[in-house]
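Asks: Residues per chain are reported as follows:
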Amino acid sequence: MVLAAEQVQEAAKQGFKKKLVIVVSKGTIDMLYPAFVLATTAPAMGMEVDLYFTFWGLKVLTKKGVKSVKIGSVGNPGLPLPNLMGILPGMTAMATNMMKKRIEKYWPSVPNMIKMVKESGGRIHACSPTMGFMGVEEKDLIPEVDGIVGASTFLRWASDPETVTLFI
Amino acid sequence: MATSLSKPDRTLDQRGLLCPLPVINVNKAIQEISSGQVLEVLATDPGSKPDFDAWSKSRGHRIISVVEEQGPPKVYRFLIQRSK
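If you read the sequences in order, they're chains A and D. Numbering-wise (this note's numbering), the first sequence opens with residue 3 and increments by one. Numbering-wise (this note's numbering), the second sequence opens with residue 1317 and increments by one.
Keep in mind that a hint or two might mislead.
Unchecked claim - Derived SDA-like pairs: lysine to any residue, alpha-carbon spacing no greater than 25 angstroms straight-line: (1) Lys107(A) with Arg1393(D); (2) Lys107(A) with Lys1390(D); (3) Lys117(A) with Gln1347(D); (4) Lys107(A) with Leu1337(D); (5) Lys1344(D) with Thr165(A); (6) Lys1344(D) with Phe18(A); (7) Lys107(A) with Thr1327(D); (8) Lys1344(D) with Trp109(A); (9) Lys1373(D) with Met118(A); (10) Lys28(A) with Gln1347(D); (11) Lys1344(D) with Gly17(A).
Just so you know, these hints were derived from the structure itself, not from any lab. Quick caveat, the model's predicted, so the values are computed rather than measured.
Just chain A, same shape as in the assembly (with noise of 0.2 angstroms):
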């Protein structure tokens, strides 16, 4: 189901804002949850989406990566634990293990909200230099990216008098 151009049209006479563009630069899960949340609802609010994955986000457009994200648990003050254990061998892993098991039981997995995405007419951009400096070349890149861009071409969108950018 893409977004009726007049869908879009409609959303912007009403005065509101119209598209919405988030830079994804973590790679973990709690920082990846709340940018794809926003991302499926927006066409369901009538906007468009642009996501643009920069450092470790863009990990998460990569063949491997995707099937690999992991919840710091270093340095992460909102998890059930005493936050020195977090330094614990296995600690990554535990915690990742314990809020997968818990968010996957609501929410479509990270593969599947970039599926989500995607079949409501957003798109997704990886950003070119951290593919340069991350050794990512566009053969490891997920088949759902639309285009390799860089800080030119976001500025560009964020510029945009109609358009939300966030970062996180």
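Starting from the known structure of chain A, arrange chain D on it as the hints suggest.
Replies: Showing chain D alone in chain A's frame:
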């Protein structure tokens, strides 16, 4: 004409689902009924009321009524009329 006594043309059970799934699913379902028809939605997400309100304002659909049925869990029963 739809009134608060409108009989729904379709019912969508979203009980147990959390944001953003109910809004995404309702947005899909309303496109599958004709304009003027009424969709009944059952939801337990505690943010359902403000979220459906925000969604309906963005999309121009009309929430005819919301009934809260005491639980637990509390169930929100919406009647939503598709605009165009």
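Asks: Do the alpha carbons of Lys1344(D) and Phe18(A) lie within 25 angstroms of each other, as the hint requires?
Replies: Judged against 25 angstroms, a Cα distance of about 21 angstroms means the pair holds.
Asks: Would you mind confirming whether the straight-line C-alpha gap from Lys1344(D) to Thr165(A) stays at or under 25 angstroms?
Replies: 24 angstroms, holds
Asks: Given the hinted pair Lys1344(D) and Gly17(A), is their Cα-Cα distance within 25 angstroms?
Replies: 24 angstroms, holds
Asks: Would the hint linking Lys107(A) and Thr1327(D) be met if the CA-CA limit is 25 angstroms?
Replies: Holds, because 23 angstroms separates the two Cα atoms, which is no more than 25 angstroms.
Asks: Decide if the proposed pair is consistent with the structure: Lys28(A) and Gln1347(D), CA atoms, cutoff 25 angstroms inclusive.
Replies: Distance of about 35 angstroms is beyond 25 angstroms: violated.
Asks: With the threshold set at 25 angstroms, check whether the alpha-carbon distance from Lys1344(D) to Trp109(A) stays at or below it.
Replies: 17 angstroms, holds
Asks: Could you grab the alpha-carbon distance between Lys107(A) and Lys1390(D) and see if it respects the 25 angstroms cut-off?
Replies: 20 angstroms, holds
Asks: Going straight from one Cα to the other, do Lys117(A) and Gln1347(D) come out at no more than 25 angstroms?
Replies: 20 angstroms, holds
Asks: Would the hint linking Lys107(A) and Leu1337(D) be met if the CA-CA limit is 25 angstroms?
Replies: 12 angstroms, holds
Asks: Is Lys107(A) close enough to Arg1393(D), meaning Cα to Cα at most 25 angstroms?
Replies: 23 angstroms, holds
Asks: Holds or violated: are the alpha carbons of Lys1373(D) and Met118(A) at most 25 angstroms from each other?
Replies: 23 angstroms, holds
Hint violations for this structure: number 10 only, all remaining hints satisfied.
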